[in-house]
Amino acid sequence: RLYWEKKCKKLNQLHIESREMKLAVFAHCAVDTITLNGTNYEQIGGSACYCGITARQFKFDVDLYTKFGPNFPKQYFTENKINFGNSESQNDTTKFAISITGADRTLKLEHECDPIDYTSVSADGHLVSPIYHEITNDTLKEIKKDSNFLFVDPQGFLRQKDSQNNIVLENTDIDLSGVNAIKVNPEEAQHIVNGTHDEMMLALQKKGVEHVILTNKTEVSLLVKDKVYSISLPNKQVHDTTGIGDIFCSTFCCTMLKEKDFLWALCFAGGAAQAALESKNLGLQKIPKKGTVQTNASYFYNLVKFRDL
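The opening residue of the sequence shown carries number 751 in this note's numbering; numbering runs sequentially from there.
Treat the hints with caution; some may be incorrect.
As the list claims (entries may be wrong) - Lysine-lysine pairs mimicking BS3-like chemistry, simulated, CA-CA at most 27 Å apart:
#, residue 1, residue 2
1, K1030, K831
2, K986, K957
3, K986, K956
4, K831, K858
What the hints assert, rightly or not - Just the calculated beta-carbon pair ranges, DEER-fashion:
#, residue 1, residue 2, range
5, E792, T851, 18 to 24 Å
6, S870, I924, 32 to 38 Å
7, T922, E829, 34 to 40 Å
8, E829, N921, 39 to 45 Å
9, L1059, E937, 19 to 25 Å
10, K1039, T922, 17 to 23 Å
11, S839, K1039, 19 to 25 Å
12, S872, E969, 34 to 40 Å
13, E969, S839, 16 to 22 Å
14, P823, G945, 32 to 38 Å
15, N898, D842, 30 to 36 Å
16, S872, K831, 15 to 21 Å
Source of the hints: derived by calculation from the structure; they are not laboratory data.
Glycine residues also receive a C-beta, built at the ideal position from the N, C-alpha and C atoms.
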């Protein structure tokens, strides 16, 4: 507890003394129809929004590399002081129909916007979290050349659509060399590597990833070198799960860049996900404030389990 209080004091002091740090986010915006308990809700979202606004909660400057159409309220980025550069398209914003039942959800692609144009950027960290094909393997290769710390959520590299436009996952041989951190769930991992949960984390590590995060609903594991660190989110009633993974990824990334401490980053990321779920809010309204995240992180820090692998 004393160690944690010292860390909190140190982090708060860093926020006062240090320069603004910058996160470059590569992902599409989305305009989603979320069906929850039989009711439809129109929401703006996509990894671009969830990751970018979460990073702003941690006082990061955000350069957003995305594409959105005339039907997207770009003033949302202006109001949140997010730089979005040459992101406007004549093509409508990527759109999903999302049906949520408990912790499970199904997606149907209703529209796809243009691919993201790569622009070299100087930033403390790069977060790549495509939602559907907006980032090519060549673009990822270019991002790696500029990145000091690269976090990848590979979901958009794995997604394909069937004849009914339902989203399914397919195997991919994504190049993970030069990736500092990755977040996958078991189903996603199985389309990149093979084996049990532990074997898949090791296989991802052997592909070049330094920090391998496996999220299995409420169970979160992090492999670093030869140890697995684990936390469990309290098993409470789940509401809208859209964007929870993006909030987790952005929080982990920002905390790692600020503190260079993976255990601290794991607890903060878990704390952010838990706070978002507990808010019972829909869409972007669930992105938590930093103070709430820090309170939850303190809880998780005292309950981290670890084992050799």
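These are the hints, each one checked on the structure:
Distance hint between K1030 and K831 is fulfilled; the C-alpha atoms sit about 26 Å from each other, no more than 27 Å. Taking the CA atoms of K986 and K957, the gap is about 35 Å. The hint is violated against a cut of 27 Å. Restraint check: the Cα-Cα separation between K986 and K956 comes to about 35 Å, which exceeds 27 Å; the hinted pair is violated. Simply put, K831 and K858 have alpha-carbon atoms about 31 Å apart, too far for the 27 Å limit, and the pair is violated.
Between E792 and T851 the C-beta distance comes to about 19 Å, which sits within the given range of 18 to 24 Å. Taking 32 to 38 Å as the suggested C-beta distance range, the pair S870 and I924 does not conform, at roughly 21 Å. Checked against the hint of 34 to 40 Å, the C-beta distance between T922 and E829 comes to roughly 36 Å, which is consistent with it. A hinted range of 39 to 45 Å holds for the C-beta pair E829 and N921, which are about 41 Å apart.
Judged by the Cβ atoms, the range 19 to 25 Å given for L1059 and E937 holds: they are separated by roughly 21 Å. The hinted window of 17 to 23 Å between K1039 and T922 is violated, with their beta carbons roughly 36 Å apart. Range check, S839 to K1039: Cβ separation about 32 Å, and the 19 to 25 Å hint is violated. For the hinted restraint 34 to 40 Å between S872 and E969, the CB-CB distance of approximately 37 Å keeps it satisfied.
Evaluation of the 16 to 22 Å hint for E969 and S839 yields a failure: the beta carbon distance comes to about 39 Å. Distance hint check for P823 and G945: the Cβ-Cβ separation is about 44 Å, which falls outside the suggested range of 32 to 38 Å. Separated by about 35 Å at the C-beta atoms, N898 and D842 satisfy the suggested range of 30 to 36 Å. About 18 Å separates the C-beta atoms of S872 and K831, a value consistent with the hinted range of 15 to 21 Å.
Comparing the model with each earlier hint shows violations of hints 2, 3, 4, 6, 10, 11, 13 and 14; every other hint is respected.
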